[in-house]
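Chains as they are written, first to last, in the working numbering: chain A, 605 to 731; chain C, 605 to 731.
One thing to keep in mind: the hints can contain errors.
No distinction is drawn between identical chains; accordingly, a pair holds when it is met within one copy or between any pair of copies.
The calculated lysine to any residue pairs, modelled on SDA-like cross-linking and capped at a C-alpha distance of 25 Å, are [what the hints assert, rightly or not]:
1) Lys630 with Trp715
2) Lys723 with Thr606
3) Lys647 with Asp712
4) Lys709 with Met605
5) Lys630 with Leu618
In short, the hints are calculated from the structure, not lab data.
Protein chains: 2
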Amino acid sequence: MTFLDEVPWNEHDLVAVVTQDHATGKVLTVAWMNREALAETVKRGEAVYWSRSRKKLWRKGEESGHVQNVREVRLDCDADAILLQVEQVGGIACHTGHERCFFRKLEDGRWVEAEPVLKDPALIYRK
Amino acid sequence: MTFLDEVPWNEHDLVAVVTQDHATGKVLTVAWMNREALAETVKRGEAVYWSRSRKKLWRKGEESGHVQNVREVRLDCDADAILLQVEQVGGIACHTGHERCFFRKLEDGRWVEAEPVLKDPALIYRK
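Chain A extracted, bound-state conformation (with noise of 0.2 Å):
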């Protein structure tokens, strides 16, 4: 038994990760592992989550650059989820360019685009 047998895989055998800014506490984004993610994860130091649009493994970073390098690796109590603390490379987790995934809040009932884009997406992924 290992600590991969501990994971409350869902349905799916995937788990929920939330990935936080080990420096500013910010929460980057919230993505999916696999039993083969989490294992490489744990062995890398580098964060790798399961695509489930492209239904494979996804070394973050691979073509963007921003890799996330792991400082800690938690496990909820029983809400099936991880939470990864990490060093984000480039300072840019989000694919649309933005430091992270949630730079949009919830204002007078609208979403407001609150943080900017830090680098155009075309630049990023021009590999």
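Please build the complex by placing chain C on the supplied structure of chain A, with the hints as guidance.
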């Protein structure tokens, strides 16, 4: 069209919700909301989730008193997730009596309890 229509509800009509302590930045819980829960959260200014196990609205703190006063609501780019910034009444978010659900961390291949129980759950739910 309201802000509720812009949330990418999943196949179960739910969205994942990450809840963070606005003062400490600690990620407290990961839970789920349906449309009604999000509408009520925004209206009341207190976190209301959807309990997948009990299949009903779960007004956080209704039994424990550990209400979460909502300071900010954010939506992510596409990963089906909401981020709440809250003030955690009572300083305890987890039903286990820990400050938060993420009290276990990975150390040398094992999940280790890294934060204390602040209050006996039997005392929290004695009503």
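Quick rundown of the hints versus the structure:
Within a single copy, Lys630 and Trp715 get their C-alpha atoms as close as 19 Å, and across copies as close as 24 Å, so both meet the 25 Å cut-off. Proximity of Lys723 and Thr606 under a CA criterion of 25 Å is satisfied in neither setting, with 40 Å inside one chain copy and 30 Å between copies. Proximity of Lys647 and Asp712 under a CA criterion of 25 Å is satisfied inter-copy only: 11 Å between copies versus 45 Å inside one chain copy. Taking identical chains as interchangeable, the C-alpha atoms of Lys709 and Met605 lie at most 25 Å apart only when they sit on different chains, with a minimum of 17 Å there against 42 Å within one chain.
Proximity of Lys630 to Leu618 under the C-alpha cut-off of 25 Å is found in both arrangements, the shortest distances being 24 Å within a copy and 23 Å between copies.
When held up to the earlier numbered hints, the structure conflicts with hint 2 and nothing else.
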